[in-house]
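For the protein sequence lines, the chains are A and B, in the order given.
Counting along the first sequence from 1, when you hit position 58 you're at 58 in my numbering, and nothing is skipped either side.
Counting along the second sequence from 1, when you hit position 5 you're at 5 in my numbering, and nothing is skipped either side.
These aren't lab readings, by the way, just hints derived from the structure by calculation.
Ideal Cβ placement from N, Cα and C applies to all residues, glycine included.
Check before you lean on any hint, since a few could be wrong.
Reference excerpt, derived from the structure (chain A facing chain B, CB under 7 Å, subset only) [said to hold, decoys possible]: (1) 54; (2) 55; (3) 59; (4) 61; (5) 65; (6) 72; (7) 73; (8) 74; (9) 103; (10) 136; (11) 140; (12) 196; (13) 220; (14) 229; (15) 232; (16) 237.
Subject to a maximum C-alpha distance of 25 Å in a straight line, what follows is the list of computed DMTMM-like cross-link-like pairs (lysine to aspartate or glutamate) [unchecked claim]: (17) A:118 to A:70; (18) A:91 to B:195; (19) B:88 to B:195; (20) B:77 to B:195; (21) B:183 to A:154; (22) A:79 to A:26; (23) B:88 to A:90; (24) A:41 to B:195; (25) B:218 to A:45; (26) A:185 to B:195.
2 protein chains.
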Amino acid sequence: MREDSFFISKSDIIDNKITLSGNENEHLSKVLRYRVGDKVKCFYDNSCFYHCQIVSQTKNASILEIISLENCLANPKIKLTLFQGLPKLDKLDYITQKLTELGASKIVPFVSTYCVKKDNLNKMERLNKIVVNACKQCGRTSLLNITSAVKFDEMLGMLKEYDIVIFANEVDGSKHFRDLDLKNKKNIAIIVGSEGGFTNDEVEKIKNCNAISLTLGKRILRTETCAVSLASLVMLLLD
Amino acid sequence: MREDSFFISKSDIIDNKITLSGNENEHLSKVLRYRVGDKVKCFYDNSCFYHCQIVSQTKNASILEIISLENCLANPKIKLTLFQGLPKLDKLDYITQKLTELGASKIVPFVSTYCVKKDNLNKMERLNKIVVNACKQCGRTSLLNITSAVKFDEMLGMLKEYDIVIFANEVDGSKHFRDLDLKNKKNIAIIVGSEGGFTNDEVEKIKNCNAISLTLGKRILRTETCAVSLASLVMLLLD
Numbered sequence: 001m002r003e004d005s006f007f008i009s010k011s012d013i014i015d016n017k018i019t020l021s022g023n024e025n026e027h028l029s030k031v032l033r034y035r036v037g038d039k040v041k042c043f044y045d046n047s048c049f050y051h052c053q054i055v056s057q058t059k060n061a062s063i064l065e066i067i068s069l070e071n072c073l074a075n076p077k078i079k080l081t082l083f084q085g086l087p088k089l090d091k092l093d094y095i096t097q098k099l100t101e102l103g104a105s106k107i108v109p110f111v112s113t114y115c116v117k118k119d120n121l122n123k124m125e126r127l128n129k130i131v132v133n134a135c136k137q138c139g140r141t142s143l144l145n146i147t148s149a150v151k152f153d154e155m156l157g158m159l160k161e162y163d164i165v166i167f168a169n170e171v172d173g174s175k176h177f178r179d180l181d182l183k184n185k186k187n188i189a190i191i192v193g194s195e196g197g198f199t200n201d202e203v204e205k206i207k208n209c210n211a212i213s214l215t216l217g218k219r220i221l222r223t224e225t226c227a228v229s230l231a232s233l234v235m236l237l238l239d
Numbered sequence: 001m002r003e004d005s006f007f008i009s010k011s012d013i014i015d016n017k018i019t020l021s022g023n024e025n026e027h028l029s030k031v032l033r034y035r036v037g038d039k040v041k042c043f044y045d046n047s048c049f050y051h052c053q054i055v056s057q058t059k060n061a062s063i064l065e066i067i068s069l070e071n072c073l074a075n076p077k078i079k080l081t082l083f084q085g086l087p088k089l090d091k092l093d094y095i096t097q098k099l100t101e102l103g104a105s106k107i108v109p110f111v112s113t114y115c116v117k118k119d120n121l122n123k124m125e126r127l128n129k130i131v132v133n134a135c136k137q138c139g140r141t142s143l144l145n146i147t148s149a150v151k152f153d154e155m156l157g158m159l160k161e162y163d164i165v166i167f168a169n170e171v172d173g174s175k176h177f178r179d180l181d182l183k184n185k186k187n188i189a190i191i192v193g194s195e196g197g198f199t200n201d202e203v204e205k206i207k208n209c210n211a212i213s214l215t216l217g218k219r220i221l222r223t224e225t226c227a228v229s230l231a232s233l234v235m236l237l238l239d
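Chain A on its own, in the form it takes in the complex:
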């Protein structure tokens, strides 16, 4: 039996009822043609699914009664943050979708010297929609948090808070992934440059933040391939 999931905001829940409106209600009633009595799942950015039954429908809203809560096991246990040199925005779409599926917690795009794009501000709504759809697809209820682009130096300042910082360094990366000690690392950051890569000065600055220079092998990976490959290694091996 199908049971699609729908994204709500916490404020849509009052007592044991959820009021579904807007696009999600459109999708439920017009596209998927759910009707009163049907069962669906709802989630907002937290740890569980709300199993619901549709109790009434109007043109603009569906009222769902909460039957039970289910702790979502698909949510990541480790926290992976990708610091991504701002790429062309279609690549950022792609990275956002794939990292959500893979279980990353956060993407912080940053602007370095060789970035063509300088901000992703007007794309935030689109990116957040990609996150929600990827969550529905892969079955997680905690959203990936994608921030608007920060400056390179701001990014450096954020690295302190992580247990380990992995720097995909195609210039002089020395360590191999298999040599990394990730035991008991719960809060992991990876840094991937944009299409243009980094200036030597930027490479040195990153290294000086205790980042581990990692080689991704003999082939030069596109920035989006690099981000997805590294996230795959971390999440599939640790989570």
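Position chain B against the provided structure of chain A, taking the given hints into account.
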């Protein structure tokens, strides 16, 4: 100094000269505006780059003199074959590009019960172009070989020749990647289903071919994410 690489066929080489024509010559002379005296690299599907100097140009061809050969270190040492349940073709484009970058040797699309598409025949030229461009991008000279789609049972018959067959089994995959013993495995196959997955019968048939059922974790990955993630793990950890 820039040194772009161009794709040739073996027959373009006569003595120590290469005749570059067609699209590659268009790209060299019209797009990148290389001129007589400039140096470029050429490759066909083998182990090395041919470092050349342009000695003459006509409207339809450029004649390149071979200066030296360079063994291409970016070519994969292990052989990874992806057996991919035929997905929507834009996804196959994407998988083809990423697996070429990651160093896979071969992609064999197969048609199983839940595949929407039934063949990729009319797309071979397009797919091979994607392979060549990805090779140029990542710096390998040995092409990824993508075959036209085979039937599910034909695919099963091909599995014998591999040292290990890894089956991305979201239904009842039990082993984790970290539990796999890949030591001394040089010829590796991975099997990834299409968007629709497999019938129970198909799952059993694959298992009966000594395939190791691998779980890719708690989240359901799209077929293209699954293929790229698994290929990343194998290539970045082994090659």
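Against the structure, the hints:
1. 54: Since the shortest Cβ distance to chain B is 25 Å, the answer is violated.
2. 55: Violated, because the Cβ-Cβ distance from residue 55 (chain A) to chain B comes to roughly 29 Å (cut-off 7 Å).
3. 59: The hint is violated - residue 59 (chain A) has no Cβ within 7 Å of chain B, the shortest such distance being about 33 Å.
4. 61: Violated, about 29 Å.
5. 65: Violated, because the Cβ-Cβ distance from residue 65 (chain A) to chain B comes to roughly 27 Å (cut-off 7 Å).
6. 72: violated (9 Å)
7. 73: holds (6 Å)
8. 74: holds (5 Å)
9. 103: Given a least distance of 6 Å, the restraint on residue 103 (chain A) holds.
10. 136: Hint violated; residue 136 (chain A) Cβ to chain B Cβ min 10 Å, cut 7 Å.
11. 140: holds (6 Å)
12. 196: Check failed: Cβ of residue 196 (chain A) comes no nearer than 14 Å to chain B, outside 7 Å.
13. 220: The hint holds - residue 220 (chain A) has a Cβ within 7 Å of chain B, the shortest such distance being about 5 Å.
14. 229: Result: holds, 4 Å to nearest chain B Cβ.
15. 232: holds (4 Å)
16. 237: Cβ of residue 237 (chain A) sits 5 Å from chain B, so the hint holds.
17. A:118 to A:70: violated (41 Å)
18. A:91 to B:195: With a Cα-Cα distance of about 22 Å, the restraint between residue 91 (chain A) and residue 195 (chain B) holds, given a limit of 25 Å.
19. B:88 to B:195: holds (8 Å)
20. B:77 to B:195: violated (30 Å)
21. B:183 to A:154: Violated - the C-alpha atoms of residue 154 (chain A) and residue 183 (chain B) are around 42 Å apart, more than 25 Å.
22. A:79 to A:26: violated (33 Å)
23. B:88 to A:90: Roughly 19 Å separates the two Cα atoms, so the pair holds.
24. A:41 to B:195: The given pair, whose Cα atoms are some 22 Å apart, holds under the 25 Å limit.
25. B:218 to A:45: Between residue 218 (chain B) and residue 45 (chain A) the Cα gap is close to 18 Å, so the pair holds against 25 Å.
26. A:185 to B:195: This hinted pair is violated, its Cα atoms lying about 33 Å apart.
Checked against the numbered hints given earlier, this structure breaks hints 1, 2, 3, 4, 5, 6, 10, 12, 17, 20, 21, 22, 26; the rest are met.
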